[in-house]
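Q: Listed here are the chains, written in short residue letters.
2 protein chains.
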Amino acid sequence: MEAKSRTLGILLYPDFELLDVFGPVEMFAYVGDELTLVSVAAEAGPVRSAQGQSSLADHGFADCPALDLLLVPGGIGTIPALEDETLLAWLRERAASAEITTSVCSGSAILARAGLLDGRRATSNKQFFELATSQSDKVDWVWEARWVDDGDFVTSSGVSAGMDMALAVIERLWGRERADGIAALTEYERQRDPTADAFAKRLRSTPSA
Amino acid sequence: MEAKSRTLGILLYPDFELLDVFGPVEMFAYVGDELTLVSVAAEAGPVRSAQGQSSLADHGFADCPALDLLLVPGGIGTIPALEDETLLAWLRERAASAEITTSVCSGSAILARAGLLDGRRATSNKQFFELATSQSDKVDWVWEARWVDDGDFVTSSGVSAGMDMALAVIERLWGRERADGIAALTEYERQRDPTADAFAKRLRSTPSA
Chain A
128 MEAKSRTLGI LLYPDFELLD VFGPVEMFAY VGDELTLVSV AAEAGPVRSA QGQSSLADHG
188 FADCPALDLL LVPGGIGTIP ALEDETLLAW LRERAASAEI TTSVCSGSAI LARAGLLDGR
248 RATSNKQFFE LATSQSDKVD WVWEARWVDD GDFVTSSGVS AGMDMALAVI ERLWGRERAD
308 GIAALTEYER QRDPTADAFA KRLRSTPSA
Chain D
128 MEAKSRTLGI LLYPDFELLD VFGPVEMFAY VGDELTLVSV AAEAGPVRSA QGQSSLADHG
188 FADCPALDLL LVPGGIGTIP ALEDETLLAW LRERAASAEI TTSVCSGSAI LARAGLLDGR
248 RATSNKQFFE LATSQSDKVD WVWEARWVDD GDFVTSSGVS AGMDMALAVI ERLWGRERAD
308 GIAALTEYER QRDPTADAFA KRLRSTPSA
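The listed protein sequences correspond, in order, to chains A and D. Using the working numbering, the final residue of the first sequence is 336, and nothing's skipped along the way. Using the working numbering, the final residue of the second sequence is 336, and nothing's skipped along the way.
It is worth saying that the hints were derived from the structure and are not from the lab. Ideal Cβ placement from N, Cα and C applies to all residues, glycine included. Please note that a few of the clues may not be correct.
[Unchecked claim] Taking lysine to aspartate or glutamate and the EDC-like style, the derived pairs with C-alpha atoms no more than 20 Å apart in a straight line are: (1) Lys328/A to Asp307/D; (2) Lys265/A to Asp279/A; (3) Lys131/D to Asp279/D; (4) Lys328/A to Asp279/D; (5) Lys131/A to Glu226/A; (6) Lys328/D to Asp307/A; (7) Lys265/D to Asp279/D; (8) Lys328/D to Asp276/A; (9) Lys328/A to Glu304/D; (10) Lys265/A to Asp276/A; (11) Lys328/D to Glu304/A.
[Said to hold, decoys possible] Under 10 Å between C-beta atoms, here's a sample of chain A residues computed to sit facing chain D: (12) Arg175; (13) Leu183; (14) His186.
With these hints in hand, go ahead and build the complete structure from the sequences.
A: Written out as C-alpha cells, the structure is:
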C-alpha cells in the first residue's frame, strides 16, 4: 500500500446534509497522518447545514490547497447548488486534478450537472434518484447500488451509504486492515458489498432510469 | 403518540467525536416541527472536534434554553471534560429537569463522573470501556449492549451506536413509523435490538467490568 500523503477536500454549501459530510469525515479522519482533511466552501467560515447546525469551512474556493480526494455531499441545498456556476466551475477544475472525486446522496446530481459523470457509472439517493438522473442522460445510472466505484469517481447512495463508500475508498488506498480497523473503532457495521442496496429493493424492483 | 413540542440540547466540548454528535443529530432533525435542536457549549461559537472540523454552538451554558432532551457525545475530549467542574455542574442541573438524557460512546463516562448514572444500567464504547466504568462503581455497567434504555437516561456504545440509540428514542417518543421513516430516508440499516453488540463479542466473550 502507498504511504503517500494526501489531502481530502470536504465541500460545504448552504443546506448540505450533515451526515453526508460527517459520516465519511469520521472514517477518513482515522486514516491518520497519511491524509489531511480540509473543508472548503465558496467563502471560508460558517456554513449552515440542512439540519440547522453550522460548520466552519477552513478555506474558500480561492485559497483552497491542492486536493487529492474530494467529497461532495448532498442535501436539500443540492437544488440551488445545481444552478451555482461558481461551484460547478470549481468542481470541474478540482475534479480534473484529483485522484478520486467522491459524492454522497444527491451530491452525484451536482457532479452530473457539472458534466463530470458523463460516460461513467454512478448512483445516488434512492428517494431522490430522478434529481440525479435528470441532470444528464450520458451517465450510466445504477439504481441498485450502495455505492459505485468508477475509478476516479466514486458515487454513493443516500446519506448513510457515504460511510460504506468512505471505508471502501480507504480500503482501496490504504488496505483492508486499515478500513476494518476504523470500522471497529467507530463500532460501524460496514456494508462491504457495493451492490447490496436494501433501500433500492424496498422502493421498486425495477429501475425507472 | 404525543404531539408535545420538545427541545434537544446537543452538548459540544473541545475534541468531541464528530459522528457521536452528527449521527444522532441527523436522525433527530427529521422528527420535524415537534423537536427543536440547539447546540450548547461553555460559550457560544466555534468548537473544534476531535477530527479537526469545527461546529458552531448556538448557545453558551449561561443562555441555553430549557431542554427536554440532552445529547452528550464522547471523543478524546472526554478526558479533560471529566475534570471540568463547570460542565459537570451544568449537566447535573440540566439532566435533573430533562425528560431523557442520552449519551454516545465515552459520553457515558462524563455522565458517570457527574454521578448521574449511579444506581442505573448504562453502557459505553467497547474499546474504551474502562474509561466509563472507572468513573463510578455504583453504575450497573452493561458490557454487551448497542445501547441501554434506563428510562430517563439512555446510554449507547461506540460512535455509530448513537444512530441506533437516537432512532430508539425517536421510536419511544414519536412511534415506530416515524423512526423507520427516518431510517429509510437516510438509508440507514438500523439495529433494533439493544442487546445485539457485535463489537463486544469480537473483543471478549465475558465482561471484565
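Q: Each hint: holds or not?
A: Right, here's what the structure says about each hint:
Note on lysine 328/A and aspartate 307/D: the hinted pairing holds, with a Cα-Cα distance of about 16 Å set against a maximum of 20 Å. With a C-alpha separation of about 17 Å, the suggested pairing of lysine 265/A with aspartate 279/A holds against the 20 Å cut-off. For the hint linking lysine 131/D to aspartate 279/D, the alpha-carbon distance of about 17 Å falls within 20 Å, and the restraint holds. About 37 Å separates the Cα atoms of lysine 328/A and aspartate 279/D, which puts this hinted pair outside 20 Å; it is violated.
Distance hint between lysine 131/A and glutamate 226/A is fulfilled; the C-alpha atoms sit about 12 Å from each other, no more than 20 Å. Our distance criterion of 20 Å between C-alpha atoms is met by lysine 328/D and aspartate 307/A, whose separation comes to about 16 Å. Using a Cα cut-off of 20 Å, the hinted pair lysine 265/D and aspartate 279/D holds, with the two alpha carbons roughly 17 Å apart. Restraint check for lysine 328/D and aspartate 276/A: not satisfied, since their Cα atoms lie roughly 32 Å apart, outside the 20 Å limit.
Straight-line distance between C-alpha atoms of lysine 328/A and glutamate 304/D comes to about 19 Å, which keeps the hinted pair within the 20 Å bound. This hinted pair checks out: lysine 265/A and aspartate 276/A have alpha carbons roughly 17 Å apart, not beyond 20 Å. Simply put, lysine 328/D and glutamate 304/A have alpha-carbon atoms about 19 Å apart, close enough for the 20 Å limit, and the pair holds. The interface hint given for arginine 175/A holds, since its Cβ lies 9 Å from the closest Cβ of chain D, which is under the 10 Å cut-off.
The beta carbon of leucine 183/A is positioned within 10 Å of a beta carbon in chain D (closest approach about 4 Å), and the interface hint is therefore held. At a threshold of 10 Å, the smallest CB-CB gap from histidine 186/A to chain D is about 12 Å, leaving the interface hint violated.
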